[in-house]
Amino acid sequence: MSKFEPNIVAFLCNWCSYAGADLTGTSRIHYPPNVKVIRVMCTGRMNPLFVIQALRQGADGVLISGCHPGECHYLKGNYLARRRFLLMRKLLEHIGINPLRLRMSWVSASEGKKFADVITTVTEDIKRIGPQQSFKREAV
Amino acid sequence: MNIQKLRDEAIRAIGRKDVKYLIGYQRGSYGFRVSPAFIQTKEDVDRLIFSPLCHLSLTKYLTLEEIIPVSEEKQKASKIAIFARGCDSRALNQVIAEKGIPRDKLFIIGIPCEGVIDRKKIEARFPHVTDPADVIEENGKYIITIGDQSHEIQKEELLADTCKVCQYPNPFIYDKLVGDKVAPRPANYDDIKSWEEKPLEEKLDFWLDQFDRCIRCYACKNACPLCYSLVCILDRLNPQWVKRSNDTSENLMFHISRAFHLAGRCISCGECERACPMDIPLMKLNRKLEKDVKDLFSYESGKDSESKSPMTTFHVEDREDFIL
Amino acid sequence: MGKIKVGVYICHCGVNIKSTVDIDKLTQFASTLPHVSMAKEYIYLCSDPGQELIRNDIKEFNLNRIVVASCSPRMHEPTFRKVLRSAGLNPYCLEMANIREHCSWVHDDKIMATQKAEATLSASVAKANLLEPLEEKEVDVTPAALVIGGGIAGIQAALDIADTGFKVYLVEKEPSIGGHMMQLDKTFPTLDCSACILTPKMSDVGNHPNIELLTYSEVTDVKGYIGNFKVTIKKKPRYIVEEQCNACGLCVPYCPIEMPDPFNMNLSKIKCLYIPFPQAVPAKYVIDPKHCRYTLRRECKQCEPVCKDLKAIDLKQKEKLIEVEVGTIIVATGFDTFDPTLKPELGYGLYPNVITGLEFERLSSASGPNLGELLIHGKKPKDVVFIQCVGSRDKSIGNEYCSRVCCMYTAKQAHLVREKIPDANITAFYIDVRAFGKGFEEFYDRVKQEGVMYRRGNVSEVFKRKDRLVVRAEDTLLGQPIEVEADLVVLAVGMVPRSDTAAVAQLLKISQSPDKFFLEAHPKLRPIDTASDGIFLAGCCQGPKDIPDTVAQASGAAARACIPLSQGKVRTEAIVSHVDETICRGCALCVEACPYEAIELKTIERAGKTVQVASVNEVLCKGCGACVAACLCGVMQQNSFTDEQLLSMIAVLSEHYEQI
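Residue numbers (my numbering), protein chains in the order written: chain A, 655 to 794; chain B, 3 to 326; chain C, 2 to 661.
These aren't lab readings, by the way, just hints derived from the structure by calculation.
Don't take each hint at face value.
Once the Cα atoms are required to be at most 16 Å apart in a straight line, the calculated EDC-like pairs of lysine to aspartate or glutamate come out as [unchecked claim]: (1) Lys790(A) - Asp249(B); (2) Lys610(C) - Glu67(B); (3) Lys310(B) - Glu593(C); (4) Lys245(B) - Glu593(C); (5) Lys603(C) - Glu68(B); (6) Lys610(C) - Asp249(B); (7) Lys293(B) - Asp779(A); (8) Lys200(B) - Glu747(A); (9) Lys790(A) - Asp211(B); (10) Lys205(B) - Glu659(A); (11) Lys510(C) - Glu486(C).
Here's a subset of chain C near chain B, in silico, CB distances under 10 Å, partners left out [claimed, not checked]: (12) Asp433; (13) Thr583; (14) Cys591; (15) Val592; (16) Cys634.
Computed from a predicted structure; not experimentally measured.
Beta carbons: idealized from backbone N, C-alpha and C, even for Gly.
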């Protein structure tokens, strides 16, 4: 019987979190391989509807990660994202989807260790709550 | 509500040189049904009604692409007159704020609203009614006249759920006000709060069940005064966010997306739920977001026509306890 | 446009990727992906032959989309974009799959790492299939630079840029340039007089036709982007008319108010109508508004009538706001010294003969409170103890880093004590002695030979016994605790980021490292650039360093700042947003979401109606995409990050791969 290996899609902002994840790599800090990364320029670009698309196409969890408040390379993208994803999280919980499937983090370009910790935490939490199979898209 | 006062105001409105036509309510095709009325002449005014059956959100008819033909003398007129109850006026404010229609293109006749009847409830109570029916409100009761028969029902039995918790019965925006101000009901999100306590599995089972029933008729979208995109993003093929097939996953995506796009915009008229042929409790979704937007961002839609959307603004102290 | 032909190139990166990811399997997998014409692997794709391989394939096989699976795009995206350009292919037809920093370097399970690489590559190919060639626009660069901070770093940078031929605005908070270097006595290891080597450069700054010196001024707002910054500078009122003052100093005796002299580290007093030090540039007086009776209570005014011919005193002077336009900015704001009251066991603030290294510099300096004589309570100290690593290498107060200069300046100060007080007993407590630079080890040897006793151990306490100070430490080489009596204890305080660093970071939209100094773009390869194009770092504001390293970095920053200035043009962002005007309903949510006010509503004719639609100013747009997420109709899209492209990646990456 195969152990459940979660599939987690992470959206990382180019200037902080993606750079932070790069630093995790250069520092050779290891973390679970369950996370697949999509690079966007800013968390402000991230549409909360991406989350449901991911969750219903096989992802068990989604991570949105950006710059700390006040440090957004584009001034306010992360502030907008913060509002949007808080609301989406609450809506998902209202529908009965575990809010642990949508996580958000602030990881700066110099926080290589933190990124590894975030991935480890998110992966462990998703492992615990199990796969998302309730509303998977039907195959074409 | 003195219908004669309203009709007089309507005559005055369409008499104005700058008003093309008036949008109001008229009897529908049968029974309890109501239709929008596009009034251009004094004779047309006789068709106007205003009763607890008048549930439609007239703002919807301002944003349709269809152009109503008008007489030659009215070609140059720039305004459209419109009746606006409390929630309607919020829809107007919201659409004006979103530049969907300029304020100076409107002549608004505000009508404080005592609430509308849930048509599904009254049709369940009086099924198969084809004769024209009328309803008036008196002393907390509805007097329903069908043909030559008259019935008296307690108001709360037939009142639409969304009106039971209506905080804003009086119009926020108007050029003329007809009728006396109505006392608002207190805000009540108890049903949403008790839903929040339920276990995830129960909630998911419930909603998957609901989404299963959706036939993707888009009646909800068509009835909603705030869904007026030229091409709805959920209809597009490029990129295609949802397929047109009505399976659970696509339906879930459709409804969550629509609810989310209404966050900070929905004015709780309840038309979506009223229009749904499958009785999906859409307001249960919309009101959750309405409550959250109010609690988290101190924002309620449609109170004025200048407010910025809570989704494009922020406070430095916004909640972030959920962020790692 | 024709058929999409994707070329996939997978890098071994030596063994960096190859040792963890199964390259052969990955290459095989790549060739099965949609529209992939060819999939090749190579040992180092960023090398010349690697680049040549891609270039040739594009030309020979008419490839029109390239996917490189290798290191992070933050490393080599510009490299491979150049390759595409040189092959005649639009540089934005490139997508990179990060299988090194995000894969081979962080996962040890080879099977899962390869699976992840396959998924990542698959997503990059899916996106590449949907990429469109993008146009790059050029805008003119304002041929001027701004240097913030007038210490040795700012001075050097300003001189280099000015000598190159560009105008420089040098903004300094204090009434004179010179910074901390001006406060030092002698510099290690050459024992040059600090002020003597600095003042000629200060003079050059004051006289340079290309340098506009704005002292007693602060930057309050920065708008714009590389090539086109608009900066607001607040000129604080000196209450002296700069153009009139000739620094004769005749007014000073008439001023009745004395205040602690900040230049002398508050160890002496100065009038509140003062010149910071004799060699100040500009050589102009200034009145301190926190002490002047007139500015505080509208009294006195004894100085004003003294200057009757030149009328250089204007007690009613107001602050001025100036706006300047520059192409590039250099941040050279310097450092603060560690506040040793945070380590109360060392007795600073409690005992007057416990002083910091910087205070020692002033006491030792010929222009200091005692004109260079080392006197404590009017007497020469007989027993002098130096304590190294105060506020550095110290987890307990949160400064883990080494401040780099303290070992050497302690050695220098020990030497100066020996020079001035030949029979003094000098002890220096250390953990390590870092004498890494040119001439450093030799100087340290010399100082030891001059009879300075270096004792290895952390000092636990400085306390008073009867009327003597006692320094208690552990001598780790002896393996026992010791006590040394002292007349003077000098704390070798480290460098800390200035208290206003966070505010400056916010102003310029640059980041701070975990140690709170400013963050460089890349710690190895780009130690002068910041992540914001056109903004550079020089000196200790980026991290502790000594004077030669500061000067070197400042010249480096000047060179980098001059590149866009001399090119005259700068490319604007290509990954900007665009509007589908056929269905935009002009709701202006995007206008509100944009951080740069780059979107406006414009009026167009559409299907016989006059409508308003959103319109993006491609020069102002920085490519963040906030407008795209704000748009409810999907009308706004960002080049190279369209919804279609991201959705295609989501579809690929969400798929579970076969479970083990």
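Results of checking the hints against the structure:
1. Under the criterion of a C-alpha separation no larger than 16 Å, the hint pairing lysine 790(A) with aspartate 249(B) is consistent with the structure, at around 10 Å.
2. Only pairs whose Cα atoms come within 16 Å are accepted, and lysine 610(C) paired with glutamate 67(B) is accepted, the gap being roughly 11 Å.
3. For the proposed pair lysine 310(B) and glutamate 593(C), the alpha carbon gap of about 8 Å is at most 16 Å, so the pair holds.
4. Between lysine 245(B) and glutamate 593(C) the alpha-carbon distance is near 31 Å, which puts this suggested pair outside the 16 Å criterion.
5. For the hint linking lysine 603(C) to glutamate 68(B), the alpha-carbon distance of about 23 Å lies beyond 16 Å, and the restraint is violated.
6. A hinted pair counts as satisfied when its Cα atoms are at most 16 Å apart, and lysine 610(C) with aspartate 249(B) does not qualify at roughly 39 Å.
7. At roughly 28 Å between alpha-carbon atoms, lysine 293(B) and aspartate 779(A) are farther apart than 16 Å, so this suggested pair is violated.
8. A threshold of 16 Å between alpha carbons decides the hint, and for lysine 200(B) with glutamate 747(A) the separation of about 10 Å falls inside it, so the pair holds.
9. Taken as a hint, the lysine 790(A) and aspartate 211(B) pair is honoured in the structure, with Cα atoms around 15 Å apart against an allowance of 16 Å.
10. Straight-line distance between C-alpha atoms of lysine 205(B) and glutamate 659(A) comes to about 26 Å, which puts the hinted pair past the 16 Å bound.
11. For a cut-off of 16 Å, the pair hint linking lysine 510(C) to glutamate 486(C) is broken: about 50 Å separates their Cα positions.
12. Hint on aspartate 433(C) is violated. Least Cβ distance to chain B is approximately 37 Å, over the 10 Å limit.
13. Interface restraint check for threonine 583(C): the shortest CB-CB distance to chain B comes to about 8 Å, inside 10 Å, so the restraint holds.
14. With a least beta-carbon distance of about 8 Å to chain B, the hint placing cysteine 591(C) at the interface is held under the 10 Å criterion.
15. Of the supplied interface hints, the one on valine 592(C) holds, with its beta-carbon coming within about 9 Å of a beta-carbon of chain B, less than 10 Å.
16. A distance limit of 10 Å between C-beta atoms decides the matter here; for cysteine 634(C) the minimum to chain B is near 4 Å, and the interface restraint holds.
Checked against the numbered hints given earlier, this structure breaks hints 4, 5, 6, 7, 10, 11 and 12; the rest are met.
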